[in-house]
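K.L.:
Sequence:
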Amino acid sequence: MAEITASMVKDLRERTDAPMMDCKKALTEAEGDMTRAEEILRVRFGNKASKAAGRVAAEGTVGINIAANGKLGTLIEVNSETDFCAKNEEFLKFVADLAQVVNEHNPANIEAVATLPMRGETTEQVRALLVGKIGENITPRRFVRTEAQGQLYSYVHGSKIGVLVDLVGGDETLGKDIAMHIAAAKPKSLDASGVDAALIDAERRVAIEKAKEAGKPEAMLEKIADGTVQKFLKEVTLLSQVFVKDDKLTIEQLLKSKNASVASFTMYTVGEGIEKAVVDYAAEVAAAAKV
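With the numbering used here, letter number 67 in the sequence shown gets 185, and the count goes up by one each step, no holes.
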């Protein structure tokens, strides 16, 4: 029997985009014949997995799994190419199962998620099968796994925004309200100490330039900039924001009234930061007409 080397497995994976273990099995079955092994994989996965691998996946959904004791939770984003796929029941089941697997096994990073066990296979094998079935690129993008100081609460808005909150004190109603508020108000951090200094500097520079254009005296520029920065921080920090369900309360005041605090929170918005390809269909038709 022909020896199956790591380089052969790697080569077959690059040709087919099939999972490593399936490549090895196919090569073993084909007795080292690369062409035959590729045919075996195409029978199982079709051509879809290979073709889909390079396409941009900027749609998708978030998945959340919280342990029964409320002390351990995972928020994960999994991308797809279209919103149609993101609503597919099998895709949603895969995301939910993936969140649970990550929560249970605590992988070191998103790359390590691919090797975790799922349904008697690895998550990568399950993903590749789903890609072959649906015909779209499906990509686990990022996750956060939180060990709570208090209790974890979550909120998902339309499957596109997911929030995980670690609430110390308070109750379930408060936890869900805070999570919902975060999804609506989209704070960048808990308080001013967590805001990126580059964002603050940018606000300051813009404020100074606007003041100059308005003809404000040089001596007032720094004071104007300080005021602008403080207003910005109130708008983007959770504790300073006005509660979406009661505009007479800030989140900090609400928490104090319930003898509670937020230890941490994470919010994912699907596709955030991914550049989506803009298709000019008119240009495509025009180009085709010239052929």
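Derived by calculation from the structure, the hints in this document are not laboratory data. Among the hints, a few may not be true.
The calculated label-pair distances, taken between Cβ atoms and stated as ranges, are [stated by the list, open to error]:
id	residue 1	residue 2	range
1	224	364	18 to 28 angstroms
2	201	237	18 to 28 angstroms
3	226	128	35 to 45 angstroms
4	331	377	22 to 32 angstroms
5	377	201	39 to 49 angstroms
6	345	211	48 to 58 angstroms
By construction, the Cβ of each residue, glycine as well, lies at the ideal position given by its N, Cα and C atoms.
K.L.:
All the hints need checking, so say for each whether the structure fits it.
P.N.:
Structure-based check of each hint:
{"no.": "1", "hint": "224 with 364: 18 to 28 angstroms", "in the structure": "violated, 38 angstroms"}
{"no.": "2", "hint": "201 with 237: 18 to 28 angstroms", "in the structure": "holds, 25 angstroms"}
{"no.": "3", "hint": "226 with 128: 35 to 45 angstroms", "in the structure": "violated, 22 angstroms"}
{"no.": "4", "hint": "331 with 377: 22 to 32 angstroms", "in the structure": "violated, 48 angstroms"}
{"no.": "5", "hint": "377 with 201: 39 to 49 angstroms", "in the structure": "holds, 42 angstroms"}
{"no.": "6", "hint": "345 with 211: 48 to 58 angstroms", "in the structure": "holds, 51 angstroms"}
In this structure, the earlier hints numbered 1, 3, 4 are contradicted, and the remaining ones agree with it.
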